[in-house]
Amino acid sequence: MTPANYTVREQLRDGRPLLIRALEPNDEGDMLAAIDRTSAESLQRRFFVTKRGFSDKERAFFMNTDFVNHVALVAVIDEDSGPAIVGGGRYVVTGPGEAEVAFVVVDAFQGQGIGALLTRHLTGLARAAGLKELVADVLPENMAMRKVLGKFGFRTARSLDPQVVHLTLPLV
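Using UniProt numbering, the first residue of the sequence shown is number 1, and each one after it goes up by one.
Note that these hints are calculated values from the structure, not bench results. Every value quoted in this text rests on a predicted model; they were computed, and no experiment measured them. Watch out, some of these pointers could steer you wrong.
Unchecked claim - Label-pair distances were calculated between CB atoms; the ranges are:
{"#": "1", "residue 1": "37", "residue 2": "67", "range": "24 to 30 Å"}
{"#": "2", "residue 1": "32", "residue 2": "96", "range": "29 to 35 Å"}
{"#": "3", "residue 1": "39", "residue 2": "96", "range": "35 to 41 Å"}
Just so it is clear, CB atoms sit at the ideal spot from N, CA and C, and this is done for glycine as well.
Given these sequences and hints, build the entire structure.
Below is the structure:
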């Protein structure tokens with residue numbers, strides 16, 4: 001299975017089934033709906049600024065993944081109205097052998113293990129792609145994400161920006 005057609009079935013902590021799959025070009029509306037269901041605080045933890053809308057350029061960046069230098073996965077759950085994206089994670093190659101990871105989970109689904117599942121699957125894809133290191137910049141107060149990444153072996157490294165905690169995970 002290649003990153004572009006990646007799909008796995010998982011379970012939330014409460015037992016509900018979850019699908020983790022590659023982001024698809026037709027997911028933009030569902031991604032925007034997920035953002036609408038995410039609190040301003042959660043979006044600030046992800047984007048480091050208060051965010052409610054996205055420019056055309058930003059939307060193109062988030063949706064146009066090549067699954068080589070930019071890999072994105074979504075977490076999908078079946079709701080009464082049908083399948084809904086409730087989280088996402090991605091890595092973007094930033095230099096030789098290095099990629100930056102980022103995640104967001106809809107508030108109503110936080111604490112169900114989605115961040116950990118996305119981290120596990122993205123880390124596996126990064127290793128399979130031959131990457132040497134993953135990095136993440138996290139706001140100091142985002143203890144939930146710091147805890148999730150810590151469980152996977154991410155360690156605090158020197159940060160050029162005192163407003164963020166820089167975390168690294170060697171993959172080799």
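- Sort out which numbered hints this structure fails and list those numbers smallest first. As far as the earlier hints go, not one is violated by this structure.
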